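There are 2 protein chains.
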Amino acid sequence: MTDLPPPVIHPAWLPPPTWRPLGSRRVRVDASGPFADTVRDEVSRACSLFGGSLSPAGGPADLILTLAPEDSGAAPRSVPDASDAAFRFGPAAPGAAPGFPAAGDGFRLGRRGTATVVTADGPSGLLYGLFEVIRRGEGAFDPALADEHHEPAFGLRVLDHWDNVDVHPVMGQVERGYAGGSLFWHAGRLRDDLTRVGDYARLLAASGINAVTVNNVNVHAGEAHLLTDRLGEVATIASIFRRYGIRVHLSIDFAAPVVLGDLPTADPLDPRVRRWWADTTDRVFATIPDFGGYLVKADSEGRPGPFTYGRTHADGADMLAAALAPHGAPVRWRAFVYNHRQDWRDRSTDRARAAHDHFAPLDGQFADNVILQVKHGPMDFQTREPVSPVLFAMRHTRQAVELQVTQEYTGQQKHLCYLPPMWSEVLGFRATGDSAPTLAERLSAGPAGSGSAVEGAASGRTAAGVLSAVANVGDDRFWTGHPLAQANLYAVGRLAWAPDRDPAAILDEWISLTFPDAPPRLRHTLHTLMDDSWRTYEHYTAPLGVGFMVRPGHHYGPDVDGYEYTPWGTYHFADRDGVGVDRTVATGTGFAGQYPAPWSDRYESLSSCPDELLLFFHHVPYTHVLHSGTTVIQHIYDTHFAGAQRVAEMQSAWQSVADLVDPDVHARVTGRLAEQHRSAEEWRDQINTYFHRKSGIPDAKGRPIH
Amino acid sequence: MTDLPPPVIHPAWLPPPTWRPLGSRRVRVDASGPFADTVRDEVSRACSLFGGSLSPAGGPADLILTLAPEDSGAAPRSVPDASDAAFRFGPAAPGAAPGFPAAGDGFRLGRRGTATVVTADGPSGLLYGLFEVIRRGEGAFDPALADEHHEPAFGLRVLDHWDNVDVHPVMGQVERGYAGGSLFWHAGRLRDDLTRVGDYARLLAASGINAVTVNNVNVHAGEAHLLTDRLGEVATIASIFRRYGIRVHLSIDFAAPVVLGDLPTADPLDPRVRRWWADTTDRVFATIPDFGGYLVKADSEGRPGPFTYGRTHADGADMLAAALAPHGAPVRWRAFVYNHRQDWRDRSTDRARAAHDHFAPLDGQFADNVILQVKHGPMDFQTREPVSPVLFAMRHTRQAVELQVTQEYTGQQKHLCYLPPMWSEVLGFRATGDSAPTLAERLSAGPAGSGSAVEGAASGRTAAGVLSAVANVGDDRFWTGHPLAQANLYAVGRLAWAPDRDPAAILDEWISLTFPDAPPRLRHTLHTLMDDSWRTYEHYTAPLGVGFMVRPGHHYGPDVDGYEYTPWGTYHFADRDGVGVDRTVATGTGFAGQYPAPWSDRYESLSSCPDELLLFFHHVPYTHVLHSGTTVIQHIYDTHFAGAQRVAEMQSAWQSVADLVDPDVHARVTGRLAEQHRSAEEWRDQINTYFHRKSGIPDAKGRPIH
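These protein sequence lines map, in sequence, to chains Y and F. Numbering of the first sequence is given in the numbering used here, commencing with residue 1 and proceeding in unit increments. Numbering of the second sequence is given in the numbering used here, commencing with residue 1001 and proceeding in unit increments.
Calculated directly from the structure, the hints in this document are not laboratory data. Predicted model only: the values in this text are computed from it and were never measured. Any given hint might turn out to be false.
What the hints assert, rightly or not - Short, incomplete list of chain Y residues facing chain F, as computed with Cβ under 7 Å:
(1) S48
(2) F50
(3) D166
(4) Q342
(5) D561
(6) R576
(7) R693
(8) K694
(9) G696
(10) P698
(11) K701
A virtual CB, placed ideally from N, CA and C, is assigned to each residue, including glycine.
Given the sequences, and given the hints that come with them, work out the whole structure.
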């Protein structure tokens, strides 16, 4: 709280006070190259605020940032020069998985005499080491600081923007965006002032992200040209991100050879098509030497793809992989392929099965630099889904798990919903048994035989894993619409480094950074508000894993039957007797059988299926008794009354800290909580009324149902 | 069927062969003035096609069109000169109801010697007489032709276009339009080529229409300017319609004094506002001397209105009436006012009541030239509604009944749905008893004490009644998307002349005109396809008058619960036991009590309420037995299976006449029928499945329900 006018753009998790411990100390950067320059700039900025100094080479220092010596046996050490090419992929980079950045993100943090020392495994490690110091604040200078090596679990940590260049008449400028317009484009052209992109790059680097896809996976007519005649715009964006170790990716249109290249076909086996992609890709790398790679949504929800030409998705992906291979870059190929024109009357078709049905048979057919990008659940970013079985079915295929930071189905950044507890469950899921590797461990290990498994810090390799996440930012001055939704953006990078980290600890870290002067009362309130907000949201929305029940199209607010009779494959089959989707092998769609044991059995059996996924896997009577001891119908009533009530309590809690929060932030959050409360009551009443009208079973506690 | 290429624009009900009887005869026009010129032009065109001749004054004639002599005691006779002012309203016109065209639409048709003679009551009667001759064809020259006097039951017969100048991002260019873009505007400006507007004017005159509102009742920012700086565009349109006796009206924005006039208020009692409207209206009439009047949607679905200023709708309407009164023109003020942000949990509020609740207390407060425009039903143009009780509740207020020709809720011109049987029921409804006047008779009589009741041809007055209808045309080359939907457009004008005419006879008349060479097999097939198509549509959509159950927003296709939990006031309250809205006085919302006896009692009682409106007025168990002898649930199943089956039969019937229909017309209709069939099956299955899941009662005939 100051007397100065509030900053126009919220500083998110890098407000000036965060830099005080650094800015008031002597800092020495014993390295050269562009990242070292970026680090020096950061330190200089901090020092100008707080009076510290950047020490000259050999000068006195409280903090030293340096590169590991080449003979240390750690990461390959090559101080990059200032040219673009220094920060590029390359098959030549020893230890790098195909299509991955050369190693070097890791760093060792410890004390040497009276100084704290960051020893980076490679150039980018300097940056990440710097931000680790920032996160630790004064603690980084504790004489008792223990030596630690840090290395990201996922080598590629990418935020996928669903930004359009032009404002789409239905989807807006940012598809499923809830935070204003694009940071990159405005009024159909690249913004003249890209200052915020620089600020954004800095925030992302501080959270651990190292790649950004700049445009929507649904590539419309105008956006297709970013690959060719509008590539200069991408290069401009790349030049800003580059300073912070972030590579730029592009979503491409599979039909680009037709749309942009005047070819009569986009058949991936046609030599003309293959040449067009090779030439086009060469031009991309000639313009942007460190270009990150392609992202493709093909044969999905009306997008073009290889099916048009009777080819497989392996044919399609491998063609693009061949164009990218000379540059050592990957293509991410989305596994989100299903029949979106399903007949709701057809009970034998199950959208949950689709990705596995389509892709599992192709295992082994994808090139090394193809990354199959799989949504974390088998449906579509619902509040509660099982982990997609595709992520465990393709041992010979490199995969990315795709999370959704933008809150499409989780309250659209009007509702407070801290998502890392969900992501943590996904990344920690052990498909083949309670002592088996987690999903994160499996993804980090890469495909069987790839030789790129995580082998600890000593290996110096960059982990082969890929974590992708759909961004939640826009040109809103709080970045994410709901100021507290910044925590989701922050946490995705942090989980990509350390997927086993406790989401509550990440939350506290974010609170410390974002509210640097917060007294314990505010810290406690923020933690309490946010930590269980996902489960609160789950409580008042679609019950027990059944999903959807949202308004079609915009996906905000309840509509229990909204998708029940549509072609989208998203049904709950509620009738007067019961509800849920029978996905068992014995009597249902067989989806449960796509999991390896023991989960195939656990999901199959009504007695072992977890309560929170009961209606995802089983159709049960309303009187079915859950493991929790209550009936399904009473569980619905109880959780919906409790969820809405909890939101009212959140409002009160937030009001109680009005004196401790910047008025701008407080006002914005207050407005959002009011809408969340209205909406939660609407969810409560529609869900309860719907199931009461259907079941005829009264609430055991006699609360009002309409 | 000819070898010539088909005309680009379909001729609708005025194809060249229709003019053969006229064009091959000697025609004399014994009158002068603009309408006489229009008639001469029409005859000349016909003669040029078929070899007839326009006879000079005093020459030989098979057909004579003339004006009634002034001393006949019939209509006031004043041969207009060619100036615009000749065709204007005016308090001075003797016998005209305030705000109505001077009398003269009527005409006498009969034989004088060897000639057929049209003796027009006034100038416009020349036109209508000409088209009556066209309709009769050879029959008009039958020596045994009996003398008949024709006069319209409704003095003002107006088509309201919901055209936007600019394409609205959600609603498109024509709101609820299903036939392409606007006939008037394209790409944000008046079309350069207005040839089709001339053709349209001719078609409308031939059907009996005498006014057109050119823009959408939802007046957006751009369209508001049609009243002021873009008035020239309206004048251009008016100059085309004028030749066919059609006046142009404008939908206006109640907030225009603020939006266009830079006033701080639109308060209808503020002298500055009143002066602004008076001045603006004076300028409109200075530019368009025969301007028709204003149409206003105020305080409805987010439109501005007098409620903003704490004023009544009488205050608002009377202000505009005062501005129009010096020019003898009316304001039509829509009664479509209701709370569109209703809480669905609130069972005490009933949208059906809203218009009566708002307007009935204001009876007697409206100026003479205010016309309260009331949708025919209390809800919103559903497939089946009772007649709005507002139409019988305000004896001292001039009223218009508003029909919807555009098929918003009746299949959007993809489904074949001939609407006149519905309109005929509305216009023929006798609210106060089986021998009481029909709605049409009451409206034609005008308000109590207005002295403008229909008094037969001898009176020479123009009837005071107003029939308004929302247009269904666009720039589609068949005018109405579905070629057979032209019949709805044709019939609305015909019913406005003779509301007691049998809709089946109007259909045959339309068939004769549109398919002039049709052999009996085609005539029979068309008649059979179309005559009961409204009831077919009713069968497979929302049952028993309950309404809605459509997809929210676009209103096409089924979604039983789509509006059930929304703020729109459109509910069916289906639960596991029953369905319907209790609108009785005894136990429901009391809406039934808004009717006069005996209908208040008939609707109130379960035993006398007509089956087709049962669920509009009553909530009943699924096992309730209808007057038809079947249960509600079995009725739902039976009608839905039958309705979809009927559409399949319609497809077959249409195929069977492929050899008799212009291939273009046949192909278009074939495509529409295919979609209708798909959609009807979708309706059938969703409705049946929904109610089967809710009720648990199987179909007695064991047909497939999903």
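Do the hints match the structure? See the list:
no. : hint : in the structure
1   : S48  : violated, 48 Å
2   : F50  : violated, 50 Å
3   : D166 : violated, 13 Å
4   : Q342 : violated, 13 Å
5   : D561 : holds, 4 Å
6   : R576 : holds, 4 Å
7   : R693 : holds, 4 Å
8   : K694 : holds, 6 Å
9   : G696 : holds, 5 Å
10  : P698 : violated, 13 Å
11  : K701 : violated, 18 Å
Of the hints listed earlier, those the structure fails to meet are numbers 1, 2, 3, 4, 10, 11, in rising order.
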